[in-house]
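Note that the protein sequences, when read in sequence, are chains E and S.
Residues in the first sequence are numbered consecutively from 1, following the working numbering.
Residues in the second sequence are numbered consecutively from 1, following the working numbering.
None of these hints come from the bench; they were simulated from the model.
Idealized CB from N, CA, C, for every residue including glycine.
Some hints could be false.
Label pairs and their in silico Cβ distance ranges [stated by the list, open to error]:
| hint | chain 1 | residue 1 | chain 2 | residue 2 | range |
| --- | --- | --- | --- | --- | --- |
| 1 | S | V12 | E | P40 | 19 to 27 Å |
| 2 | S | Q101 | E | A113 | 17 to 25 Å |
| 3 | S | P69 | E | K61 | 23 to 31 Å |
| 4 | S | G84 | E | V11 | 44 to 52 Å |
| 5 | E | H7 | S | T103 | 23 to 31 Å |
| 6 | S | L54 | E | I68 | 34 to 42 Å |
| 7 | E | L56 | S | V12 | 19 to 27 Å |
| 8 | E | K69 | S | T103 | 37 to 45 Å |
| 9 | S | D96 | E | K61 | 22 to 30 Å |
| 10 | E | I12 | S | Q95 | 16 to 24 Å |
| 11 | S | S80 | E | E15 | 29 to 37 Å |
Which stretches of chain S does chain E cover? Using the computed rule of at least three CB atoms under 8 Å from a CB of chain E, they are [stated by the list, open to error]:
| hint | segment |
| --- | --- |
| 12 | 7-14 |
| 13 | 68-76 |
| 14 | 102-115 |
Taking lysine to any residue pairs in the SDA-like style, the calculated list, with each CA pair at most 25 Å apart, reads [stated by the list, open to error]:
| hint | chain 1 | residue 1 | chain 2 | residue 2 |
| --- | --- | --- | --- | --- |
| 15 | S | K97 | E | L46 |
| 16 | S | K52 | S | V114 |
| 17 | S | K22 | E | L46 |
| 18 | S | K52 | E | S95 |
| 19 | E | K61 | E | G29 |
| 20 | S | K19 | S | P8 |
| 21 | S | K9 | E | T86 |
| 22 | S | K36 | E | W83 |
| 23 | S | K41 | S | K71 |
| 24 | S | K40 | E | S52 |
| 25 | S | K40 | E | T30 |
| 26 | S | K41 | E | S95 |
| 27 | S | K40 | E | L46 |
| 28 | S | K9 | E | A108 |
| 29 | S | K40 | S | D96 |
| 30 | S | K41 | E | L48 |
| 31 | E | K103 | E | T30 |
| 32 | E | K103 | S | L115 |
| 33 | S | K9 | E | S70 |
| 34 | S | K9 | S | Q101 |
| 35 | S | K9 | S | K44 |
| 36 | E | K103 | S | N26 |
| 37 | S | K36 | S | H73 |
| 38 | E | K103 | S | E24 |
| 39 | S | K9 | S | V60 |
| 40 | S | K36 | E | G41 |
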Amino acid sequence: AQSVSQHNHHVILSEAASLELGCNYSYGGTVNLFWYVQYPGQHLQLLLKYFSGDPLVKGIKGFEAEFIKSKFSFNLRKPSVQWSDTAEYFCAVSSSFSGGYNKLIFGAGTRLAVHP
Amino acid sequence: DTAVSQTPKYLVTQMGNDKSIKCEQNLGHDTMYWYKQDSKKFLKIMFSYNNKELIINETVPNRFSPKSPDKAHLNLHINSLELGDSAVYFCASSQDKGLAQETQYFGPGTRLLVL
Chain E
1 AQSVSQHNHH
11 VILSEAASLE
21 LGCNYSYGGT
31 VNLFWYVQYP
41 GQHLQLLLKY
51 FSGDPLVKGI
61 KGFEAEFIKS
71 KFSFNLRKPS
81 VQWSDTAEYF
91 CAVSSSFSGG
101 YNKLIFGAGT
111 RLAVHP
Chain S
1 DTAVSQTPKY
11 LVTQMGNDKS
21 IKCEQNLGHD
31 TMYWYKQDSK
41 KFLKIMFSYN
51 NKELIINETV
61 PNRFSPKSPD
71 KAHLNLHINS
81 LELGDSAVYF
91 CASSQDKGLA
101 QETQYFGPGT
111 RLLVL
């Protein structure tokens, strides 16, 4: 069965520090990869996604992620975090099963706290 | 305008009760989903409907029954609530058939607490 691992459960950074959140998935077939963010008191929002093509994906708010197929990874990066990036970050992978329908599998999430 | 809305936002109830959570999307999407987020923040899919037809039904107790009166609504009814049902329930929608590449848009969540 597919699974998604996010190795860092809690990350604390100072403003302007660089961020990298790890995400690994277990599935040998074609995958579609997503990073969602949940700001305090708000709903899940899409940060970025990868389906095919350039493995380096740019998202909103200066985030990017790199798909490394050989490592089954899709790590999220930001060169300089801001206090407003404080949130919970979820990595997710989707695959098609019979009928071609989507089944989104989420990681456990990483809670990021950015201190001014 | 709220794209995916859920009511209620909070729900506190006693064990054994029956309750419903409602979800509506005004995005014109064809596919809707229910997810459960447990106390450890794991988000797991429960159900998915495409144009009122059930297309994903994960291993969920049959006390949980989704109902889709039209493609803009997907409600979740829970019978005989148990303590373990306490969680945050998220509704989501995606544009077309719920294909793997589609982005899912999430509602604000309903925090259910069973006492």
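Results of checking the hints against the structure:
no.: 1; hint: S:V12 with E:P40: 19 to 27 Å; result: holds (21 Å)
no.: 2; hint: S:Q101 with E:A113: 17 to 25 Å; result: violated (32 Å)
no.: 3; hint: S:P69 with E:K61: 23 to 31 Å; result: violated (37 Å)
no.: 4; hint: S:G84 with E:V11: 44 to 52 Å; result: violated (29 Å)
no.: 5; hint: E:H7 with S:T103: 23 to 31 Å; result: holds (25 Å)
no.: 6; hint: S:L54 with E:I68: 34 to 42 Å; result: holds (36 Å)
no.: 7; hint: E:L56 with S:V12: 19 to 27 Å; result: violated (46 Å)
no.: 8; hint: E:K69 with S:T103: 37 to 45 Å; result: violated (21 Å)
no.: 9; hint: S:D96 with E:K61: 22 to 30 Å; result: holds (27 Å)
no.: 10; hint: E:I12 with S:Q95: 16 to 24 Å; result: violated (37 Å)
no.: 11; hint: S:S80 with E:E15: 29 to 37 Å; result: violated (49 Å)
no.: 12; hint: 7-14; result: violated (count 0)
no.: 13; hint: 68-76; result: violated (count 0)
no.: 14; hint: 102-115; result: holds (count 8)
no.: 15; hint: S:K97 with E:L46; result: holds (19 Å)
no.: 16; hint: S:K52 with S:V114; result: violated (29 Å)
no.: 17; hint: S:K22 with E:L46; result: holds (23 Å)
no.: 18; hint: S:K52 with E:S95; result: holds (22 Å)
no.: 19; hint: E:K61 with E:G29; result: violated (30 Å)
no.: 20; hint: S:K19 with S:P8; result: holds (11 Å)
no.: 21; hint: S:K9 with E:T86; result: holds (22 Å)
no.: 22; hint: S:K36 with E:W83; result: violated (29 Å)
no.: 23; hint: S:K41 with S:K71; result: violated (28 Å)
no.: 24; hint: S:K40 with E:S52; result: violated (31 Å)
no.: 25; hint: S:K40 with E:T30; result: violated (28 Å)
no.: 26; hint: S:K41 with E:S95; result: holds (21 Å)
no.: 27; hint: S:K40 with E:L46; result: holds (21 Å)
no.: 28; hint: S:K9 with E:A108; result: holds (22 Å)
no.: 29; hint: S:K40 with S:D96; result: violated (31 Å)
no.: 30; hint: S:K41 with E:L48; result: holds (20 Å)
no.: 31; hint: E:K103 with E:T30; result: holds (13 Å)
no.: 32; hint: E:K103 with S:L115; result: violated (31 Å)
no.: 33; hint: S:K9 with E:S70; result: violated (42 Å)
no.: 34; hint: S:K9 with S:Q101; result: violated (29 Å)
no.: 35; hint: S:K9 with S:K44; result: holds (19 Å)
no.: 36; hint: E:K103 with S:N26; result: holds (22 Å)
no.: 37; hint: S:K36 with S:H73; result: holds (18 Å)
no.: 38; hint: E:K103 with S:E24; result: holds (20 Å)
no.: 39; hint: S:K9 with S:V60; result: holds (22 Å)
no.: 40; hint: S:K36 with E:G41; result: holds (17 Å)
Violated hints, listed in ascending order, are 2, 3, 4, 7, 8, 10, 11, 12, 13, 16, 19, 22, 23, 24, 25, 29, 32, 33 and 34; each of the other numbered hints is respected by the structure.
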